[in-house]
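Knowing the structure of chain A, use the given hints to seat chain B on it.
Protein chains: 2
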Amino acid sequence: MPDTSSLSLNTATVRRQWTLAQIIDGCARHGIGTISPWRDQVAEIGLKESARRIRDAGLALSGYCRGGLFPAIDRAGRRAALDDNRRAVDEALALSAPCLILVAGGLPKDGDGRIASKDLIGTREMVRDGIGELLEYARPAGMPLAIEPLHPMYAADRACVNTMAQANDLCDTLGPGVGIAVDVYHVWWDPALKREIERAGSASPSRLVAYHISDWLVPTTDLLLDRGMMGDGVIDLPLIRSWMEGAGYRGVHEVEIFSAANWWKRDPDEVLATCKARHRDCT
Amino acid sequence: MPDTSSLSLNTATVRRQWTLAQIIDGCARHGIGTISPWRDQVAEIGLKESARRIRDAGLALSGYCRGGLFPAIDRAGRRAALDDNRRAVDEALALSAPCLILVAGGLPKDGDGRIASKDLIGTREMVRDGIGELLEYARPAGMPLAIEPLHPMYAADRACVNTMAQANDLCDTLGPGVGIAVDVYHVWWDPALKREIERAGSASPSRLVAYHISDWLVPTTDLLLDRGMMGDGVIDLPLIRSWMEGAGYRGVHEVEIFSAANWWKRDPDEVLATCKARHRDCT
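Which chain is which? The protein sequence lines are A and B, in order. Residue numbers for the first sequence follow the working numbering, beginning at 3 and rising by one. Residue numbers for the second sequence follow the working numbering, beginning at 3 and rising by one.
No lab work stands behind these hints, which were simulated from the structure alone. Cβ atoms here follow ideal geometry from the backbone N, Cα and C, with glycine treated the same way. Some hints here could point you the wrong way.
Unchecked claim - Covered stretches of chain B, as calculated for chain A (at least 3 residues, CB under 8 Å):
| no. | segment |
| --- | --- |
| 1 | 152-161 |
| 2 | 203-215 |
Unchecked claim - Each computed DSS-like pair below joins lysine-lysine, with the alpha-carbon atoms no more than 25 Å apart:
| no. | chain 1 | residue 1 | chain 2 | residue 2 |
| --- | --- | --- | --- | --- |
| 3 | B | 120 | A | 278 |
| 4 | B | 196 | A | 120 |
| 5 | B | 278 | A | 120 |
With the rest of the complex left out, here is chain A:
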């Protein structure tokens, strides 16, 4: 039975209710010792102020969200994405994050935000090259990158890295300095999940750098913002945790729930208390 010392809160879970400052206070109050903040929340109160508050509250980080979104329709766009990713690495370092989470990005968009290419294979090559270029900056700086495979339903518009096998293949190609963030919401369905977790864990060093939990609801009413609280859905969370641990993962379990119609509307203190209880009883 996991205890709260192995729980981390991804700050998106209560982002509609609280600022980062309030989330930090809330976590300290609830005895949650680890968080994974988002760049927009950090920017809102400033990087130095964020680092100071996190330190003063005695919190650790399990990751920093997020870099990535590499594909762009032209060279200038890809260059801008790379520059922004370098800034994300700098911020992750300033916050003492253990890794920068990377969401690959989807098919390139035009100036109006509309998808401008159907070349999924070429887009995946852009992602490989983008991570490779970022690694040249992140590796000497000592900031691990964590590729997060996203559910295939996001392949077009958010992330074209959609399976653990694909992420492992990317790690094979890119070499050290890049690992994988395993988010159960995105990968729970994958028939190859156990095998690919083992593959990631048996790499040297292990590629298993982050573990995110939530649940898959039936029915799911929105592709993006209808994630479930652990225990409310169909994912066998203890089983997947056992695979992670069997593959050597000893890090925290980061709760990340986007839930516009439910958890984002609740009292955030109730949300944190529920995260703790469900983490203990259902994961």
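Chain B only, in chain A's frame:
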């Protein structure tokens, strides 16, 4: 550029507007020579009447929708599913369908229709065993079965066969008499798609027994009923067709669009004319 002789209409595409009898007449009127009907539509006008009307209109079938849904919470439920699948085989034979499409089924449900188990691995074993038992009936009867991998977003509630690799693995296990229905909507995102199409095509006999087309819309507003007309989304349909043809597929291209908010609300003659034009220009 594909011509209308290679077009088939999955009758779900206009099921809200027309009965099967009207669809048969409509296809004959529009010069669409092949359809793939659904069991509920056939039952509505009767099996013999359906067969007579299809024959009198000079239509061929590209498949029969659908069997499957093997998992159940107890032995009686699995037995009932198998019996129903045997009846589906009989109907497919009576209609001279070239294959029975199988949608695997999701996690077992209780009497109230709520998911009663999180055992995805065990559910996949039930599917394997269910297809194996059905094969004992379908193989001697000469009715090919076609496993249709469904998009991973349906893994919980509709089908736990979610990739071409998984379908190919099942075919390896089950032996002759079972192939694969490749539906672009479900598999377009898969990094292994080309390889697994080649694998299916190089089996002897080829496993590529059906090819379904539509498009993935961005944004997708509903997990089930927001499929796009070819050309309105992001799938590189000519590329995937080239992979199918490169792997030896010479069958028709079956349009299957579930679209509650758009195409199911339109004049069905307009829908058929649009299917023909988009099939010619966008696939």
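Each hint, compared with the structure:
Figure legend: the segment 152-161 of chain B, annotated as covered by chain A; annotation consistent (6 residues with Cβ-Cβ distances under 8 Å, at least 3 required). Given as covered by chain A, the segment 203-215 of chain B fails the check, having 0 residues with a CB less than 8 Å from a CB of that chain where 3 are the minimum. Pair hint residue 120 of chain B plus residue 278 of chain A holds up; C-alpha atoms about 22 Å apart against a cutoff of 25 Å. With a CA separation close to 16 Å, the supplied pair residue 196 of chain B and residue 120 of chain A stays within the 25 Å bound.
Restraint check for residue 278 of chain B and residue 120 of chain A: the C-alpha separation of about 22 Å stays at or below 25 Å, so the hint holds.
The structure is inconsistent with hint 2 alone, although it conforms to all the rest.
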